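Student: Read off the chains here:
There are 4 protein chains.
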Amino acid sequence: MAPEGKDLRETNKNLDAVVQVLKEEQQRTGIKLLWGTACLFAHPRYVHGAATSCNADVFAYAAAQVKKALEVTHELNGEGYVFWGGREGYSTLLNTNLKREMDHLAAFLHMAVDYKKKLGFEGQFYIEPKPKEPTKHQYDSDAAACLNFLREYDLIDHLKLNLETNHATLAGHTMQHELEVAAAANALGSIDANTGDELLGWDTDQFPTSVYLTAQIMLTILKMGGFTTGGTNFDAKVRRESFEPIDLFYAHIGGMDAFARGLKIAAAIRKDGRLTEFVKKRYSSWDSGIGGKIEKGKAGFKELEAYMLKKGEVAANLSGRQEFLENLINEFI
Amino acid sequence: MAPEGKDLRETNKNLDAVVQVLKEEQQRTGIKLLWGTACLFAHPRYVHGAATSCNADVFAYAAAQVKKALEVTHELNGEGYVFWGGREGYSTLLNTNLKREMDHLAAFLHMAVDYKKKLGFEGQFYIEPKPKEPTKHQYDSDAAACLNFLREYDLIDHLKLNLETNHATLAGHTMQHELEVAAAANALGSIDANTGDELLGWDTDQFPTSVYLTAQIMLTILKMGGFTTGGTNFDAKVRRESFEPIDLFYAHIGGMDAFARGLKIAAAIRKDGRLTEFVKKRYSSWDSGIGGKIEKGKAGFKELEAYMLKKGEVAANLSGRQEFLENLINEFI
Amino acid sequence: MAPEGKDLRETNKNLDAVVQVLKEEQQRTGIKLLWGTACLFAHPRYVHGAATSCNADVFAYAAAQVKKALEVTHELNGEGYVFWGGREGYSTLLNTNLKREMDHLAAFLHMAVDYKKKLGFEGQFYIEPKPKEPTKHQYDSDAAACLNFLREYDLIDHLKLNLETNHATLAGHTMQHELEVAAAANALGSIDANTGDELLGWDTDQFPTSVYLTAQIMLTILKMGGFTTGGTNFDAKVRRESFEPIDLFYAHIGGMDAFARGLKIAAAIRKDGRLTEFVKKRYSSWDSGIGGKIEKGKAGFKELEAYMLKKGEVAANLSGRQEFLENLINEFI
Amino acid sequence: MAPEGKDLRETNKNLDAVVQVLKEEQQRTGIKLLWGTACLFAHPRYVHGAATSCNADVFAYAAAQVKKALEVTHELNGEGYVFWGGREGYSTLLNTNLKREMDHLAAFLHMAVDYKKKLGFEGQFYIEPKPKEPTKHQYDSDAAACLNFLREYDLIDHLKLNLETNHATLAGHTMQHELEVAAAANALGSIDANTGDELLGWDTDQFPTSVYLTAQIMLTILKMGGFTTGGTNFDAKVRRESFEPIDLFYAHIGGMDAFARGLKIAAAIRKDGRLTEFVKKRYSSWDSGIGGKIEKGKAGFKELEAYMLKKGEVAANLSGRQEFLENLINEFI
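Chains as they are written, first to last, in my numbering: chain A, 1 to 333; chain B, 1001 to 1333; chain C, 2001 to 2333; chain D, 3001 to 3333.
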């Protein structure tokens, strides 16, 4: 938002000046701040990462920068703060001490958690998974990698995930997969609206227009009861070939419309009830009988062997009905 | 190993007959059993998964089958047991309750841990990550996903990872990445020697012949002090076009030779010392000064900001020397 | 369609018996045959390919089989014949004489062209691109590779392309790209309705349900004036988990509905006219002036340099309006 | 090489000044020019392509620029000229007239061929395939696509291919595949030494260090009798993290050494003779008998059916020996 100065002090001063304007604009328009963040990847000092740099000074600079960003976010009444590990990874494992770098990243986040308390900032912390680009491999490569990291370093109670479709597909997952994984861990905090091109291997940061995609996203969000934190942010870019100001309007309007349609479609599918009912029924063998016992922890290998020796073979499987369900979705598109 | 019978009882009987022969052959040849496993993916009953099937009966059958496999592995003095989640995933999220399926998988593994104790089997349990094929997505998709799952369900002390190159690349990672992730979590237990084709998207299960690959694998294994459990197993297949018995010999000899060369290369690189020294030196800013303070937990955002306000900008970054290091490796190939 | 016999003669006899029934069923129902083909990839004799086998006998067998298939197709009044090079490629280039194999493939197709004339069969010949699976690499890997082959061996007047979405995406192209490439060469002959999963690397052969996809397909087909040969065939499969007979109905009905909706959407977009008009206008600098001269062949490097030295810099570029156009499509979904 | 001026005239003048220095340096050092080229992709005027721009003026500017580049290349005694279609493609097919753009590209190349004659420049023309990045899809996407284009527009006698490993893998092919396809068409003219990362989806432009790769490249080049035009050029880049001048030396020396080792390995494999002999023998059924007849054009479907009806089934297939051959290569690494 603000230009880098000749040193940290001047950079912070530049930022303060911009924040003043933002605050006035917030009051004038009533627009609120979804979340704040700091750019820890564009400046050459971050060439080897920020919190995971091999250079301890870089960690210190990043810490100072995030401290300032937290203060500014707090001042602007931001509802959250996103950690986007743009260079927290490696270009080659040959020169990398992966364990030491991850320890540093955890230390950094714990410092942020501590400082948040000191500051009295009550917004939600998010981490945004991204597998690669600009680096060969980033530590926050997907939802599972982030959750694993957060669990290992006792950070799981302090950060939720901010998921983006294009980062999901770059990691080889559907967006719906990432959403379901995060939601299952009670860690789905916010979404980044950008989408990508499944046939290209870099972060195309496109505006979403597929209503299949937005309907899937909304199905998961509605299923988990809606967001209690976060929301939907656009940091998508118009294509390099779309360089006129009006393109920004087409893009944002189109993206927002796609999400609005996705929400309506998902709500209609839920109101219809057939999809939810199908899934519920599909797992009904777990609601009672041997399945119920297993879920209640009342059966072990011995009991299950006895049960199956008596029965000989399993009760018939039913079709997964993928084609039927895909048709069902199409009724609402 | 043994044909399925008309029901579980007969299947178990068939297995007992084969195990008797295996035991005699073990005594005759002195060959030991690295690990046992059960096939919970080929039979149509496992079409929707085994421990993660929507059909509770299938879970029960799988439990009985693993119980028997554990007993047999114990009887044959197996040094471990591998869980390979061949169908523990989904074909479409439309019909899937991901959270409930993962809860079931965890329950299954806890039952296995319990039964292992009852049995007195002291071998190591392993889980083998694989992202997809035959399903669209498997829960054990990569090392991080497995570790996340094991941590979430308090299984992290009971299972280590058995890693395969082809499964790593199908998940979009290098084998070295997966090894380093597992080793950093103290969870690298064993490796599956199969490799794949980085330009193909299915599990080609090829024999490894690249000495770059085997040297990288051995570098990580030597760095962690060698295996204390597990080893290197081949379940690679000769190509469909390599259908003569002699092809099996070419393949196994070539694969084993590649690992032997990889071990020699890795040992030579470590003896040479330049690689280890380079990495050590690269992180030297963390051994003392501000880096040392951070690692000891003696600095927070406030101290780091003060440090950097005073300093203004970071100490110069050094080149990552990727090209130099790649050349260095080539000296040993 | 018919089981293999103990030798070619018996296999042909088996086929004759089945063809008799098919003929009667055609007369009874009025259903016509879109195209015929022969399976030159499933039997172990084709392990190294059919027309591109290193074993000349295999070429001879394949020739006999295609001869019979052409006769049968002719007898059933088939409107075309598809060559699907299921194994016409290689597993490793180490053992492969690529040039010799491609020469053989061309010889094979020329024999087919000759025999078609002898037979008086006037249906269209098609070749179906597919990049890989089961082999590592197939010669007919995409539309451009097929066209290049057909041009090199003087077959371009005798075969058109039969395109499939999943084969397009396995080759790294969108289906629309493949359609446009084929149509630009006047070689788009027919389409295979199967679609795939862009995140999986094997031929999933799914039924199409995305109306974005089917609308794109129909836009190209309508733009070229509709098919004069061929049509839309399904050789999609229900998923392994969709094993009940009713799944076949859900799948075919859903796929056909998706194409019907795609056709309606494409027709509406064309009737609306904005998309066509946008593209026409975008290239309007080529309709007259310097562009017109270039297209008429009336300018060379010298004239163009003189023109530009005088002008100094190009007339302003206009935005490509990708986001606007994506929104426009969404108006019709 | 030279900065853009305020218009074409000044830009050309800037270039002339630099060329003068280059010429003197050539005379001083004896270093020759492998090939010349023009940058038709970095300046914003080329946002929609150069020869394939929707803006005819851009075509004219590109023509003037290539005219000048040809003159300069001729003046510097360049041995060839490379067309690198950095933006000759599309970002979205929605706004693209693919056929018209390809017609323009062909017109452009024909103008270049004409001007080359006028100029008396006798160097070889090359086209360098690249599938994508920065655009979504480029027309010169791989060797087959280039050859198809050159054949369609009667340019096949005027351009050869300049192949790069990373462009091959981005297109889903091995470098060896691209080399073999080009060599089979007698169109392999030169190679670009850059390699990439098979797990990343963008043009990483790395220096080659795998001796497996360089040995494969040299095997094909030696098999075709060596280059009669062209050579091996580096336009690889050091990694962003390798920013010290010495990294350039490590990189170029390492890359050149890798090619030198590859050449020695390939020469040794050829001298050994087993690989060549294996492939020759594998196709021996084509040297006489029914195979010989087919190759001589003395058999059609009828004769082959008669032959096979008599024989009943094919002569036994032999193993493709992939594993044996991979081991054989390893003997020379």
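Rather than coming from a laboratory, the hints here were simulated on the basis of the structure. Take these hints with a grain of salt, some might be off.
[Stated by the list, open to error] Only pairs whose alpha carbons sit at most 27 Å apart, straight line, appear in this in silico DSS-like list of lysine-lysine:
| # | chain 1 | residue 1 | chain 2 | residue 2 |
| --- | --- | --- | --- | --- |
| 1 | B | K1118 | A | K302 |
| 2 | B | K1068 | B | K1013 |
| 3 | A | K117 | B | K1310 |
| 4 | C | K2118 | D | K3013 |
Nothing here was measured: the structure is a model prediction, and the numbers come from that model.
Student: Does each hint fit the structure? Answer for all of them.
Tutor: Now for the hints, and whether the structure bears them out:
no.	hint	result
1	B:K1118 x A:K302	10 Å, holds
2	B:K1068 x B:K1013	10 Å, holds
3	A:K117 x B:K1310	25 Å, holds
4	C:K2118 x D:K3013	66 Å, violated
Hint 4 alone, counting from the list given before, is not met by this structure.
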